[in-house]
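Chemist: Listed here are the chains, written in short residue letters.
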Amino acid sequence: MKTFGGPVLFLDRSDINTDEIIPAKYLTEITKEDLRPYILEDLKLPGFDPNGPKTKNARVIVSRANFGCGSSREHAPWVFEVNGITVVIAESFARIFRQNMFNCGMAAIELPKADIDQIFSYADAVDTTMNVDIKAGTLTMSGGGKQSTFHFETSPFDKALVLAGGWVDYADQKY
Amino acid sequence: MGKTTSEKIFDAHLVNEPFPGTKVLRLDAVLCHEITTPIAIDDLIRRGKDRVFDPTKIKAVIDHVTPSKDTKTATQAKILRDWARRHEIKDFFDIGANGVCHALFPERGFIRPGYTVIMGDSHTCTHGAFGAFAAGIGTTDLEVGILKGVCAFRQPKTIKFNVTGSLPKGVYAKDVILHIIGKIGVNGATDRVMEFHGSTIDDMTMESRMTLCNMAIEAGGTSGICQPDMTTVDYLWPFINGDFASKEAALADYSQWRADADAEYDQTIEIDVAALQPTITFGYKPDQVKTVSEMAGTPLDQIYIGSCTNGRIEDLRIAARILKGHKLAPNVRGILSPATPKIQQQAMHEGLIEIFMEAGFCVTNPTCGACLGMSNGVLAEGEVCASTTNRNFMGRMGKGGMVHLMSPATAAASAIEGMIADPRKYL
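Protein chains in written order, with this note's numbering: chain A, 1 to 175; chain G, 1001 to 1427.
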């Protein structure tokens, strides 16, 4: 099982698509590791720098609705994985991106808008960090002297994939 | 209680339900291309699982960058080619026979009503035009599909679109689907199947139905689905005439996949196309749509006609009809990429290629290239493209480029004027 939690990268926009996460011109790479420098290269957001320290240090991404829409490319979860990001938290996800995350043993966690709004209130604190417990279904935000805990649900199948570390070996044994 | 088309397909293909809410389905077709498959092949080899569940149910094509443009893309092509040979995958399409996957595979008769289809490509939803459940998936799901012939899904709910009315002059399936996406938004159908019904769809060709279903993913939809009917049977007849005594017999069999009259829907949306106008996107999301007349006069640099959305023979005929006797405006360049070799040949026989070339278009081989900014028509920063493709994301056709999505008719009219133009005056 992968490890989850740490410094948070806040991406304050809905509908962040897979072309913004990893542009198609890099889909000619054959290994995941080669994707590392291109994380979020085409994402334009005020104050966001794909090469900045906040991106480099992040272990968690928090965003708004319909995260990961567009292409089916699993290169999107992979570019996060090779940069140490194993959790994305959002109001909602595009289906394929969400399943790709769990299929890789990573977590795509959905929370209601009110919870996401509250998590975004931590965005300006310099020491913001998040603890994520997949088994218990809780995540704890801390930063700027504050702390809050949120509860989330993952489907039994998705939780099994996270615990198993992915879908390929599981499926080969069972089917 | 009746069932929707996807519910019937799920029931007929269910292997088991390993956890509540997750259904593992048996697959009828696993489709592969050279962008998302080589990395799956590489992973299967590393795991010591270089096997395929059934070589006759796996179809593969090199289509995204072809002929290869550099060492990396040549390597991707080689990995797929070697794998297809190693596992005796007979339906493998290489240079000379290759074309855009979502045009090529249906053209070969590989997709049938009631099928379950996956591919490591989001526009796999196209194949729902045949009354199939067809979903884009990632590389890990593709690996499992190749290895075991199964895929796990949450059972999607279904939105019924009842599309009625005659399409007005200059309005096509592309305008209908852009209008629908504009209405429900880019996540309006997430975890939903978009099931298309109504007299407008009944009157559509299979090519138009594929255009419609192709863009279901742009509203977040798992699959677009049309109801199999005599149009479906006519299209498939060359491939199925040994299986059925008559077209009527085929229709009777395929009708088992039609949704029941008392099926239960998550939502029903009525679309009246009688007053619909040529439609176009204006921003960086496919739901940002306006009428073409609102955008008329917007300057352009490139016209692109092709892709899995609108690179079929019907699209070329529509564009050629408008372009005939005209030239590209001097400020724009035009690229036509017929979606398959068969379409390209047919367009030659019908004199369409001549019309495009006389107008000043460059005609490329069949490939996905420019649509996703990988080859054959990438934009420079600040350039604007009138395109018959399916995505207008920022940087999609090249970093800093802008894409306006539209029908082949609107693209052709815009080519003549060098700016966004209403096709109706040319019809």
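Do not take every clue at face value.
To be verified - What follows is a set of in silico ranges between Cβ atoms, one per label pair, in the way DEER data are often shown: (1) G:E1088 - A:T31: 43 to 49 Å; (2) A:P53 - G:D1011: 51 to 57 Å; (3) A:Q147 - G:E1381: 41 to 47 Å; (4) G:S1199 - A:G47: 38 to 44 Å; (5) A:K54 - G:P1168: 49 to 55 Å; (6) G:S1199 - A:T31: 49 to 55 Å; (7) A:G144 - G:D1054: 53 to 59 Å.
Stated by the list, open to error - Sample of chain A residues at the chain G side, in silico, Cβ under 10 Å: (8) E20; (9) L27; (10) L43; (11) C69; (12) K159; (13) D169.
Keep in mind the hints are simulated off the structure, nothing from the lab.
Note that beta-carbon positions come from the ideal geometry of N, C-alpha and C, so glycine has one too.
Chemist: Now look at each hint and say whether the structure bears it out.
Modeler: Hints, verified against the model:
Between E1088 of chain G and T31 of chain A the CB atoms are about 28 Å apart, so this pair departs from the stated range of 43 to 49 Å. Roughly 52 Å separates the CB atoms of P53 of chain A and D1011 of chain G, a value that falls within the hinted 51 to 57 Å. A hinted range of 41 to 47 Å holds for the C-beta pair Q147 of chain A and E1381 of chain G, which are about 45 Å apart. In this structure, S1199 of chain G and G47 of chain A break the distance hint of 38 to 44 Å, their C-beta atoms being roughly 51 Å apart.
Take K54 of chain A and P1168 of chain G: their Cβ atoms lie about 51 Å apart, and the range 49 to 55 Å holds. Roughly 51 Å separates the CB atoms of S1199 of chain G and T31 of chain A, a value that falls within the hinted 49 to 55 Å. At about 57 Å, the beta-carbon gap between G144 of chain A and D1054 of chain G stays in the expected band of 53 to 59 Å. Because the beta carbon of E20 of chain A sits about 7 Å from the nearest beta carbon in chain G, less than 10 Å, this interface hint is met.
The restraint placing L27 of chain A at the interface with chain G holds, with a minimum CB-CB distance near 5 Å, inside the 10 Å limit. For L43 of chain A, the shortest C-beta to C-beta distance to chain G is roughly 8 Å, which falls under 10 Å, so the interface hint holds. The interface hint given for C69 of chain A holds, since its Cβ lies 6 Å from the closest Cβ of chain G, which is under the 10 Å cut-off. At a threshold of 10 Å, the smallest CB-CB gap from K159 of chain A to chain G is about 8 Å, leaving the interface hint in force.
Proximity of D169 of chain A to chain G holds as hinted, the smallest CB-CB distance being about 7 Å (cut-off 10 Å).
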